[in-house]
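Protein chains: 2
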Amino acid sequence: MGDSRSASPRELREIIRRGRWTGPTPGLAPGFVQTNLVVLPQAQAYEFLLFCQRNPRPCPLLEVTDPGSPEPRELAPGADLRTDLPKYRIYREGRVDGEVADITAEWRSDLVAFLIGCSFTFERALVEAGIPLRHIEEGKNVAMWATTVECRPAGLFHGPLVVSMRPIPGHLVPRAVTVTARYPMAHGAPIQIGNPDALGIHDLTRPDWGDAVEIKTGETPVFWACGVTPQAVALAAKLPFVITHAPGHMFITDLPDHTLAIL
Amino acid sequence: MGDSRSASPRELREIIRRGRWTGPTPGLAPGFVQTNLVVLPQAQAYEFLLFCQRNPRPCPLLEVTDPGSPEPRELAPGADLRTDLPKYRIYREGRVDGEVADITAEWRSDLVAFLIGCSFTFERALVEAGIPLRHIEEGKNVAMWATTVECRPAGLFHGPLVVSMRPIPGHLVPRAVTVTARYPMAHGAPIQIGNPDALGIHDLTRPDWGDAVEIKTGETPVFWACGVTPQAVALAAKLPFVITHAPGHMFITDLPDHTLAIL
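These protein sequence lines map, in sequence, to chains A and B. For the working numbering, add 455 to where a residue sits in the first sequence, where the first one is 1. For the working numbering, add 455 to where a residue sits in the second sequence, where the first one is 1.
Please note: incorrect hints may appear among the correct ones.
Identical copies carry no separate label here, and so any pair may be met within one copy or between two of them.
As the list claims (entries may be wrong) - Heads up, simulated SDA-like pairs for lysine to any residue below, C-alpha to C-alpha not over 25 Å straight-line: (1) K693 - E592; (2) K693 - A498; (3) K671 - E502; (4) K693 - A462; (5) K693 - Q497; (6) K671 - A701; (7) K693 - R637.
These aren't lab readings, by the way, just hints derived from the structure by calculation.
Go ahead and model the full structure; you've got the sequences and the hints to work with.
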């Protein structure tokens, strides 16, 4: 990539579309919203849309495409969701059936794409507010757990709330709450502060997804709803056909982060 | 009603269910969220849900029931949407086909109810913040207009954004913005301040719905997205069958107003 890191979202999507970037997207197009992707047949789209409506903290829905259209008209007019993510995962009957850089061959006239807000937006806001994030400092993936909190079900779709955890210095916890509360479309304020047991999490050294990070003296584990939730729920439903982004390989939109801030 | 004005939401719904209150609901159960109601067959529910997702300011969706279930489990467990509103309007092929106090006879296993946030919530917050509301003082209905701003369409559903207007003393306009911004699930912050022409509104003395109110010297007309929008859009789609609340005859939930405040 080299100096492509400073490229615009549109330029980056073109680079990705031409197959010249197949890596993860954190750090690309800083200041622009990146999203999770879930693609489903229309037959399951109503219940998935309802699931997102009923669970807005883990599933902040930024855009739903018209059936068969791969263009996210609101978030990135002219983009093509079949080619503009660096890597996709294809699932059949609830099992991974490959990772590809292009889903044009898989596209169908009945597919609907769901673009769901992502923690990158609020993490950037936290760092800009002077709140250190250990997993970023250490080049790790954030630590995530499935909790004992059940999402509100909708038809086929049900399952536990998945959370991410970030250790925050105690005196900065209130600021971490107010900063992230500004971004409800990127999971918003924490759902739990300091009490993992309340979520059914009993070992902070062994996350269900991502990498463990140290919690130092004076730091509080803070838990946010996580975009892995809708993916986990979509997979648990064992649908015949689902496509998602590959972990860390998000869709880069034209939407500046600040447009998601409500305050 | 007499002293029933101080009854709990559950008590009021029982009074309404027994047919002992068929009037409008403003002022009842103060401090509890009231909602708009739109009931549609499931065949049209996906596109209507998508319309609400794409137009959250006029259509803040608080709950969608499971097909065939008349119980709003989140907002009022145990309530029955077929009987617990004082008056309903039934539409067939886009035309009013009667107003009734009970829709039990019309209920079907494929019906889905949409409960949509209502301006009563933010009006109470405005009054509590010391901002006078003329239409309330004068016992009128708020003035509403269809604008030249088009909603984002979804399938069958499309049409203009409908707004309500309240004249606000100039020095209180910033406070009116911050107070209502706290309630995105009750239409949130204004969408326009002081320039009706920008919305295609050219005569503030002649609203499309509701009652005109005087705008006094030093007052600014302030425009909020309005819950009439989803109703107007549902009707314009000329669906075979739609039920809504009758104007002003809302559903009274168990949800305290403050639970909708984001700040």
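Now for the hints, and whether the structure bears them out:
1. K693 - E592: Answer is neither: 36 Å inside a copy and 56 Å across each miss the 25 Å cutoff.
2. K693 - A498: both (14 Å within a copy, 24 Å between copies)
3. K671 - E502: neither (42 Å within a copy, 49 Å between copies)
4. K693 - A462: neither (38 Å within a copy, 47 Å between copies)
5. K693 - Q497: Both: 15 Å inside a copy, 23 Å across copies.
6. K671 - A701: neither (31 Å within a copy, 59 Å between copies)
7. K693 - R637: Neither, since 35 Å and 39 Å both go past 25 Å.
This entry does not satisfy hints 1, 3, 4, 6, 7, going by the numbered hints stated previously.
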